[in-house]
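Same order as they appear, the protein sequences are chains L and Y.
Residue 164 in this note's numbering sits at position 164 of the first sequence, and the numbers go up by one each step.
So the mapping is simple: this note's numbering equals the position in the second sequence, first residue as 1, plus 185.
The reader is advised that the hints may include incorrect statements.
Derived lysine-lysine pairs resembling BS3-like cross-links, with alpha carbons at most 30 Å apart [to be verified]:
#1 Y:Lys373 x L:Lys126
#2 L:Lys41 x Y:Lys282
#3 L:Lys134 x L:Lys77
#4 Y:Lys216 x L:Lys77
#5 L:Lys126 x Y:Lys263
#6 Y:Lys282 x L:Lys169
#7 Y:Lys332 x L:Lys37
#8 L:Lys114 x L:Lys134
#9 L:Lys41 x Y:Lys284
#10 Y:Lys243 x Y:Lys216
#11 Y:Lys332 x Y:Lys243
#12 Y:Lys247 x L:Lys169
#13 Y:Lys373 x L:Lys77
#14 Y:Lys370 x L:Lys41
#15 Y:Lys237 x Y:Lys216
#16 Y:Lys216 x L:Lys169
#17 L:Lys126 x Y:Lys332
#18 Y:Lys247 x L:Lys37
#19 Y:Lys373 x Y:Lys216
#20 Y:Lys263 x Y:Lys284
#21 Y:Lys373 x L:Lys169
#22 L:Lys41 x Y:Lys373
Derived by calculation from the structure, the hints in this document are not laboratory data.
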Amino acid sequence: MKYVYLLIIIFSHNCIAEMISSGTFVPYLSRAQVNAKGDTKVFELNPYIGLGTQLHMSGMNYFMPEIGYSYFLNNPKNIRREQVFINYNFSRVLSDNFTFRYGITNNWYRIIGKGGGITLDNGDSKTTFPSPDKTVTSYYTTLNIGGEAFFASRNYGLRFDLQTMSFQKLENRAFNYLLTINFYR
Amino acid sequence: MNIFKIILVTLLTSNVYAFTLNSNTGKGFNKNSIDIYVADTDCSGAGFTTEKYVTLIKSAMKRFWNAVPTSALYLDVKGIDTSIDIDGDNHTAAIAKTKSNTILAGCNDDATDFDQPGILGSAKMQCTGSTCKAVLILNAHANSSLKNKSEGDVEAIIAHEVGHAFGLGHSEYQYNLMYYNISGKFQKWLGQDDIDGITYLYPHDSELDVLGISLLGSCATINTSPKSDTTKNFLKTFLAGIFSVMFLFLTLRLFKLRDRF
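Using the sequences plus the hints, can you model the full thing?
See the structure below:
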């Protein structure tokens, strides 16, 4: 617990603003196939909500830690999917209306199985396949790059973060993105 | 307003199922790196040589299953094992010749399993305790329609059978690789069901999986941590990340690089 107090003391010193963000999270951009023609995913509505803070580092540089949660809307009947994010993003103010963002994110991707059996086609007959029945979490880290545009007020920003999964391996690199409206207080 | 309601109802309700599993008894290999060997069998009825079969499997793994960053599974195609011949064997006989914790791929031109041209291939997985092994066999019978398929389709068929071999069942969506029929679609990549299926069976199961590299090596197949452990891991990782960033920041400050940062 003492570490939490220490963090609060450190952060309160440089804290500029608290942030709430809301938007959508799109995993596997241009990689997950969505129809029989071979088209891949471009957009998906998976509500995202995040809480964070903005800490001044130096000059035009800020550190913006954030905890986020996304619930996948298009869940099938036999599983539920959700994701928790811890974003360690930095931002650099490039102009009055735009900041460049970069950093890393720790992701917890959870698949919650509901169990049961499902009868599906199998060759010329039908077979009952077991459905997932456990909760599984996959931990992975992404490298982020993006930007935030501010509108009439500096209190509201439209953020786009492109997350690179498996960035150390060229052959299976894939991308997610976050598109949110940020509110600063 | 009505349109909004229709969209909302469509998004919030689903009448289809996601991925399924291959069997109740074995829900995947107990390791995240699985070797694939090709038996020394005649695949000419399927339209290619055994050497070409190896190339096709390698290409299929690179294009499909080894390209899922949320999963820790890596399928390593080792090549032809000349000591194994499954010619004439059915699945049960072939799996008996398969080494533990590996997948054996082969062709068959005279087994009764493949007397129908429409059946392009099949796979069987067998687990005993913590040890699993699996076999996938393509239809190389004289009347097999496999030889009429494009190379891309053959790769997708191989990847589909490998999906069964490591523990997946079928999917209800046509555009997923694990749909039961390859006809009438172009399988460019995996669908979301396939991605979720391999992630469910072989997740990155360490909270220390920083930068996508597992610091603990191959771990258990399925993470069923109690909620309290997940919360603890979450807090640990969060604090580790915060302290890493603060350490970096203080180091930069110490070396007076802060203003140049």
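Indices of hints not satisfied (ascending): Of the numbered hints, 2, 5, 6 and 9 do not hold.
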